[in-house]
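Take these sequences, add in the hints, and give me the full structure.
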Amino acid sequence: MVMVVKADGASEPFNRGKVFKTCLKLCGSVELAEKVSKRVEEQVYDGISTREVLSTVFRIMAEYKPAMAYRVDLRTSLSLLRSKPDFENFISQIFRNLGYDVERNIIVQGFCIEHEVDVLASRGDGFIYVEVKHHMNPHKYVDLEVVEKVWATMLDIREGYEKGLNKLDISKPLVATNTKFTNHAYRYAKCRGIGLLGWGAVDAMDLEKLIVEFKLYPVTILRGFELNALYRVIDMGYVTVKQLADSTASRLLEAGLPEKDANLLVERAREVLEILP
1 MVMVVKADGA
11 SEPFNRGKVF
21 KTCLKLCGSV
31 ELAEKVSKRV
41 EEQVYDGIST
51 REVLSTVFRI
61 MAEYKPAMAY
71 RVDLRTSLSL
81 LRSKPDFENF
91 ISQIFRNLGY
101 DVERNIIVQG
111 FCIEHEVDVL
121 ASRGDGFIYV
131 EVKHHMNPHK
141 YVDLEVVEKV
151 WATMLDIREG
161 YEKGLNKLDI
171 SKPLVATNTK
181 FTNHAYRYAK
191 CRGIGLLGWG
201 AVDAMDLEKL
211 IVEFKLYPVT
221 ILRGFELNAL
231 YRVIDMGYVT
241 VKQLADSTAS
251 RLLEAGLPEK
261 DANLLVERAR
271 EVLEILP
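So for the sequence shown, the working numbering puts the first residue at 1; every next one is plus one.
I should point out that these hints are in silico values taken from the structure, not numbers from a laboratory. Even glycine gets a Cβ: it sits at the ideal position worked out from N, Cα and C. Among the hints, a few may not be true.
To be verified - Derived DSS-like pairs: lysine-lysine, alpha-carbon spacing no greater than 30 Å straight-line:
id: 1; residue 1: K25; residue 2: K38
id: 2; residue 1: K140; residue 2: K167
id: 3; residue 1: K65; residue 2: K18
id: 4; residue 1: K140; residue 2: K84
id: 5; residue 1: K35; residue 2: K25
id: 6; residue 1: K65; residue 2: K21
Said to hold, decoys possible - Beta-carbon label-pair distances, calculated as ranges:
id: 7; residue 1: I106; residue 2: R82; range: 36 to 46 Å
id: 8; residue 1: K149; residue 2: A10; range: 46 to 56 Å
id: 9; residue 1: K167; residue 2: K38; range: 56 to 66 Å
id: 10; residue 1: S49; residue 2: K167; range: 43 to 53 Å
id: 11; residue 1: V212; residue 2: T248; range: 25 to 35 Å
id: 12; residue 1: A249; residue 2: E12; range: 23 to 33 Å
id: 13; residue 1: L253; residue 2: G126; range: 41 to 51 Å
id: 14; residue 1: S171; residue 2: A249; range: 36 to 46 Å
Spelled out as structure tokens, the structure:
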């Protein structure tokens with residue numbers, strides 16, 4: 001039996017079914033997913049890491065779809081975003097696509113103290129106070145303490161509204177992250193009615209599914225570019241591949257990128273967007 005070493009050091013038997021699902025997410029073709037997962041199964045060895053398995057998937061997939069060589073996996077690309085302002089901007093894009101009006105980084109007077117709200121999403125059913133938690137380690141969990149803090153902050157903002165200190169009638173607090181939540185965080189959030197948006201979220205908003213639904217892939221999914229170059233593009237307001245693909249090289253030149261890099265970025269963005277599910 002071939003054992004695979006996970007990011008936390010634990011081992012589990014190699015599961016071709018998991019690889020097939022990953023391939024299917026990447027290419028959207030059952031036939032190609034079957035071919036790639038079968039070849040991966042033939043190449044894995046005892047003690048291989050999950051990262052190496054994923055690298056093997058991308059390498060083989062690129063033989064059938066060359067543009068796959070130009071992208072990294074989604075979970076890693078999210079971790080490469082800077083916490084502020086990149087990931088907050090990214091979460092804002094998701095809420096805009098869900099039909100919300102969005103404000104970022106506003107100061108709200110609570111009953112006791114002032115609070116900085118990362119993202120404020122609003123539509124007909126009221127305001128959602130969004131606390132954004134980003135981790136550079138995609139395998140780190142958001143714990144109970146974070147969710148408890150969000151609840152306490154919401155209560156102070158709500159009391160401030162009732163006392164006439166602010167104009168935000170918060171209908172719901174929500175924690176958004178690029179990683180997962182602990183079981184205690186889930187239980188507390190469910191009990192208190194706190195919304196959760198995260199990777200593979202159970203009975204909550206699944207970040208990966210929303211990204212795929214709206215094609216909101218972060219620009220950090222593009223392989224072969226210096227991170228500083230991608231950050232300069234993000235600083236211009238292009239946080240998603242979709243935004244970049246809709247742009248032009250001439251606009252990117254304003255960020256100080258060499259003409260060759262600007263042309264290649266837009267070209268790669270369009271190529272990768274075509275193969276993403």
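Each hint tested on the structure:
1. K25 to K38: holds, 16 Å
2. K140 to K167: Distance ~35 Å between K140 and K167 Cα, so the pair is violated.
3. K65 to K18: holds, 20 Å
4. K140 to K84: At roughly 18 Å apart (the allowed maximum being 30 Å), K84 and K140 satisfy the hint.
5. K35 to K25: holds, 14 Å
6. K65 to K21: Given that 30 Å is the threshold and the Cα spacing comes to 17 Å, the pair holds.
7. I106 to R82: 36 to 46 Å: violated, 20 Å
8. K149 to A10: 46 to 56 Å: violated, 29 Å
9. K167 to K38: 56 to 66 Å: The hint (56 to 66 Å, Cβ to Cβ) holds, given that K167 and K38 are roughly 59 Å apart.
10. S49 to K167: 43 to 53 Å: At roughly 51 Å between Cβ atoms, K167 and S49 fall inside 43 to 53 Å, so the hint holds.
11. V212 to T248: 25 to 35 Å: Between V212 and T248, where Cβ atoms are some 26 Å apart, the hint holds.
12. A249 to E12: 23 to 33 Å: For A249 and E12 the Cβ distance comes to about 45 Å; the hint is violated.
13. L253 to G126: 41 to 51 Å: Check passed, 43 Å falls within 41 to 51 Å.
14. S171 to A249: 36 to 46 Å: Given about 43 Å between the Cβ atoms, the range holds.
Checked against the numbered hints given earlier, the structure breaks hints 2, 7, 8, 12 and satisfies all the rest.
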